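Q: Each chain is listed here by its residues.
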Amino acid sequence: MTRTRTRWWLYVVLVLGLVAMVMPFVWMILGSFKTTAEIRQYPTNFWPIDPTLDNYAQLFGRLDFTAFFTNSIIVAFFVTAGNIVFSSMVGYALAKLEFRGKKLLFAVVLSTLMVPGVVTFVPLFVLTANLGLVNSYPGLILPFLITPLGVFLMRQFMLSLPDDIIEAARIDGAGEWRIFLRVIMPLCGPAVATLTILTFLGSWNNFLWPLVVATTEDKYTLPVALALYSVGQNAAQYGLMMAGAVVVVVPVLLIFVVLQRYFVQGIALTGIK
Amino acid sequence: MNRWRSHRPLRRVAMAGAVVAASAIVLTGCGRGDGGGGGDAESKGAINDEPATGTVEIWAMGNEGELLSELAAKFEEENPDVTIDVTAVPWDGAHDRIATAIAGGKTPDISMLGTTWVGEFGATGAFEPTPEGLVDEGDFFDGSWNTAVVDGVAYGVPWYVDTRVLYYRTDLAEAAGVEAPETWEELTSFVTALQGQGATSGLSLPPGGFDSWQSISPFAWQQGGDILDPDGETFTLDSPAWQEAFEYYASFFEEGLAEPVRLEGGELEQKFISGELGAFYSGPWHTGILLDQGGPEFADKFALSVVPGADSRTSFTGGGNLAVFDEAANRDAAWKFVRWLTEPETQVAWYEIAAVMPSVEAAWEAEAFTDDPYLSVFGEQLLDAKAPPAIPTWAQVSAVIDQELEKVTRGETSVEDALATMQSQAESIGTGF
Numbered sequence: 001m002t003r004t005r006t007r008w009w010l011y012v013v014l015v016l017g018l019v020a021m022v023m024p025f026v027w028m029i030l031g032s033f034k035t036t037a038e039i040r041q042y043p044t045n046f047w048p049i050d051p052t053l054d055n056y057a058q059l060f061g062r063l064d065f066t067a068f069f070t071n072s073i074i075v076a077f078f079v080t081a082g083n084i085v086f087s088s089m090v091g092y093a094l095a096k097l098e099f100r101g102k103k104l105l106f107a108v109v110l111s112t113l114m115v116p117g118v119v120t121f122v123p124l125f126v127l128t129a130n131l132g133l134v135n136s137y138p139g140l141i142l143p144f145l146i147t148p149l150g151v152f153l154m155r156q157f158m159l160s161l162p163d164d165i166i167e168a169a170r171i172d173g174a175g176e177w178r179i180f181l182r183v184i185m186p187l188c189g190p191a192v193a194t195l196t197i198l199t200f201l202g203s204w205n206n207f208l209w210p211l212v213v214a215t216t217e218d219k220y221t222l223p224v225a226l227a228l229y230s231v232g233q234n235a236a237q238y239g240l241m242m243a244g245a246v247v248v249v250v251p252v253l254l255i256f257v258v259l260q261r262y263f264v265q266g267i268a269l270t271g272i273k
Numbered sequence: 001m002n003r004w005r006s007h008r009p010l011r012r013v014a015m016a017g018a019v020v021a022a023s024a025i026v027l028t029g030c031g032r033g034d035g036g037g038g039g040d041a042e043s044k045g046a047i048n049d050e051p052a053t054g055t056v057e058i059w060a061m062g063n064e065g066e067l068l069s070e071l072a073a074k075f076e077e078e079n080p081d082v083t084i085d086v087t088a089v090p091w092d093g094a095h096d097r098i099a100t101a102i103a104g105g106k107t108p109d110i111s112m113l114g115t116t117w118v119g120e121f122g123a124t125g126a127f128e129p130t131p132e133g134l135v136d137e138g139d140f141f142d143g144s145w146n147t148a149v150v151d152g153v154a155y156g157v158p159w160y161v162d163t164r165v166l167y168y169r170t171d172l173a174e175a176a177g178v179e180a181p182e183t184w185e186e187l188t189s190f191v192t193a194l195q196g197q198g199a200t201s202g203l204s205l206p207p208g209g210f211d212s213w214q215s216i217s218p219f220a221w222q223q224g225g226d227i228l229d230p231d232g233e234t235f236t237l238d239s240p241a242w243q244e245a246f247e248y249y250a251s252f253f254e255e256g257l258a259e260p261v262r263l264e265g266g267e268l269e270q271k272f273i274s275g276e277l278g279a280f281y282s283g284p285w286h287t288g289i290l291l292d293q294g295g296p297e298f299a300d301k302f303a304l305s306v307v308p309g310a311d312s313r314t315s316f317t318g319g320g321n322l323a324v325f326d327e328a329a330n331r332d333a334a335w336k337f338v339r340w341l342t343e344p345e346t347q348v349a350w351y352e353i354a355a356v357m358p359s360v361e362a363a364w365e366a367e368a369f370t371d372d373p374y375l376s377v378f379g380e381q382l383l384d385a386k387a388p389p390a391i392p393t394w395a396q397v398s399a400v401i402d403q404e405l406e407k408v409t410r411g412e413t414s415v416e417d418a419l420a421t422m423q424s425q426a427e428s429i430g431t432g433f
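Respectively, the protein sequence lines represent chains A and B. Numbers 1 to 273, taken from our numbering, label the letters of the first sequence in order. Numbers 1 to 433, taken from our numbering, label the letters of the second sequence in order.
Derived by calculation from the structure, the hints in this document are not laboratory data. One or more of the hints may lead you astray.
What the hints assert, rightly or not - Example chain A residues on the side facing chain B (calculated, C-beta under 8 angstroms, incomplete): (1) 104; (2) 105; (3) 106; (4) 108; (5) 109; (6) 163; (7) 227.
Claimed, not checked - Simulated pairs of lysine to any residue, SDA-like, Cα-Cα distance not exceeding 20 angstroms: (8) 301(B) with 275(B); (9) 106(B) with 130(A); (10) 106(B) with 97(A).
Treat the numbers as computed from the prediction; the structure is a model and nothing was measured. All C-beta atoms in this analysis are idealised placements derived from N, C-alpha and C, irrespective of residue type, glycine included.
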């Protein structure tokens with residue numbers, strides 16, 4: 001009896017939380033079917049009075065949306081792949097290998113986590129410019145191929161793996177590469193899933209760096225293009241903005257749904273998010 | 001930092017980032033080995049009348065960036081050997097992008113600029129001064145030309161302008177038997193009368209906060225006051241003109257004629273259309289929004305008027321400027337394109353494409369402007385409109401004004417104390433030269 005009552009309250013709290021989290025998304029999706037005038041109307045209507053597909057038509061018609069979408073996908077793919085490869089390699093070394101200066105190296109990685117991005121922004125751009133990478137895919141991708149957060153996440157997860165399996169593999173004659181690729185990585189599913197979601201999301205939503213590095217429109221990513229076309233100087237086209245946001249959110253949702261089970265596990269196991 | 005973006009909260013978030021990035025950039029800019037400290041770039045000589053050649057890269061923001069290629073095609077027709085490469089840059093982050101490009105030495109040939117950025121960027125030496133004889137300063141509106149002048153040197157030219165006028169409900173005014181106000185006294189009685197006809201708020205004024213200096217400064221200018229003294233070195237924010245301006249501004253809140261809330265995008269138009277709001281100050285883009293949202297019959301219910309004043313009827317002016325970078329790869333053609341963009345015929349053509357107002361007075365003689373009941377008001381207002389001084393520290397100084405104005409309208413501090421704070425803080429910030 002007591003138990004059922006507790007459950008009942010639990011559901012109320014959960015539903016309230018759910019509504020609070022989901023409402024902005026519902027609003028965004030409904031808004032994408034309204035005209036800007038209707039969105040700006042006061043008092044506002046929840047449901048579109050006169051549903052329209054104009055925003056989407058404009059998004060895919062007037063704008064070269066597929067090009068921006070492709071750019072975003074290319075950048076996010078390489079950034080995510082780079083992070084999975086490099087962060088796990090460094091994380092493995094820091095977690096399981098013995099070498100001089102290991103603690104110092106880990107401290108250095110951690111300290112770069114503490115430096116806010118705005119501080120390194122301009123030097124990073126100057127560096128990219130000197131390398132001649134402005135307005136190129138490498139310029140958009142290279143600076144993010146490995147992140148201290150990714151290294152930290154992978155190291156923490158790998159620490160939890162027992163040393164015994166590595167020793168067993170060594171006894172069986174496996175080389176270091178083989179151990180890393182065949183023994184360690186297959187066990188890192190949850191951590192890799194978490195890393196994938198976090199990196200993909202970060203790269204997908206990144207605005208300032210692509211804005212500065214992509215100097216011509218053909219290299220613009222989605223967030224930059226959306227800012228360009230939906231926010232005018234004095235008035236924003238909210239309908240277009242929301243339609244754009246819906247399209248931007250879809251890939252992220254897909255990735256999350258696919259990896260969700262591992263993601264939660266990864267957070268629980270590494271204690272970070 | 002740029003002009004009227006105040007009614008969108010989004011901007012403020014963007015601005016916080018911009019200010020951080022900007023301060024980092026000012027340091028880098030000074031370290032470029034060109035001495036730093038001031039706009040020490042020098043003009044590389046006059047521009048001839050031969051056709052432009054080569055490729056010119058230009059950055060333009062938002063809508064203008066999207067539409068400029070259309071106009072540039074005409075220039076390419078007249079100059080067959082030139083290619084104009086237009087890149088559209090989002091307004092959000094445009095300031096940071098230019099600042100970073102300057103720091104990294106990766107600037108295009110030309111960039112469009114928000115008028116209030118010229119001082120900050122000009123002082124880094126990133127722009128080439130406008131060549132002698134390229135354009136005639138007298139062709140531009142005075143207030144507008146000054147936005148390009150940093151410490152006595154002109155960097156680039158005003159491209160298009162904007163100014164603020166008074167929007168009011170004609171039906172309420174007629175019912176109350178009042179006419180568009182010309183003086184401060186008339187303004188007070190005018191909005192009181194509108195309120196008597198059912199408006200809950202006679203006038204909308206921002207009670208402070210980001211960019212509200214754009215609303216308060218005209219009141220000081222209207223009495224001959226200014227932000228800097230004529231030599232351009234000393235702040236005059238505690239002068240009697242500012243005292244009067246603050247007291248008058250605050251009186252609207254004290255007498256309940258203006259609500260102490262900032263109407264964000266959307267609310268303002270709705271309240272005006274529904275008749276809850278009697279009048280407000282705004283720029284040309286609002287006519288389109290009102291006609292769009294109010295429906296065709298609403299066109300008869302509102303009108304525009306030159307702002308009421310004291311000694312003068314000065315309003316605020318902003319807009320977009322064009323500047324050529326000191327490191328421009330194709331400097332000659334860049335200036336030729338800039339010159340072409342400021343020719344009266346081009347300016348009229350640009351209005352027809354992008355619906356932004358010409359910075360060149362002669363362009364206003366076109367029928368498109370003289371015959372339009374709304375635009376003609378803006379044309380008249382532009383003859384008496386002013387911009388803030390193009391000093392590198394303006395973003396910081398204006399933030400102090402925004403903040404103190406809010407304290408006064410909330411009754412948290414007296415006008416005297418607020419002005420004293422503004423003056424002393426502005427003095428310690430300095431003009432940046």
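Q: If a hint holds in the structure, say so; if it doesn't, say that too.
A: The hints, checked one at a time:
1. Among the interface hints, the one on residue 104(A) is violated; its C-beta lies about 29 angstroms from the nearest C-beta in chain B, farther than the 8 angstroms criterion.
2. Below 8 angstroms, beta-carbon pairs count as interface contacts, and residue 105(A) has none with chain B, the closest being about 28 angstroms; its hint is therefore violated.
3. Hint on residue 106(A) is violated. Least Cβ distance to chain B is approximately 28 angstroms, over the 8 angstroms limit.
4. The criterion of a C-beta within 8 angstroms of any C-beta in chain B is not met by residue 108(A), whose closest approach is roughly 23 angstroms, and the hint is violated.
5. For the restraint placing residue 109(A) at the interface with chain B, the shortest Cβ-Cβ distance is roughly 24 angstroms, beyond the 8 angstroms limit, so the hint is violated.
6. The interface hint given for residue 163(A) is violated, since its Cβ lies 45 angstroms from the closest Cβ of chain B, which is over the 8 angstroms cut-off.
7. Among the interface hints, the one on residue 227(A) holds; its C-beta lies about 4 angstroms from the nearest C-beta in chain B, closer than the 8 angstroms criterion.
8. Simply put, residue 301(B) and residue 275(B) have alpha-carbon atoms about 10 angstroms apart, close enough for the 20 angstroms limit, and the pair holds.
9. Under the criterion of a C-alpha separation no larger than 20 angstroms, the hint pairing residue 106(B) with residue 130(A) is consistent with the structure, at around 9 angstroms.
10. Under the criterion of a C-alpha separation no larger than 20 angstroms, the hint pairing residue 106(B) with residue 97(A) is inconsistent with the structure, at around 43 angstroms.
This entry does not satisfy hints 1, 2, 3, 4, 5, 6 and 10, going by the numbered hints stated previously.
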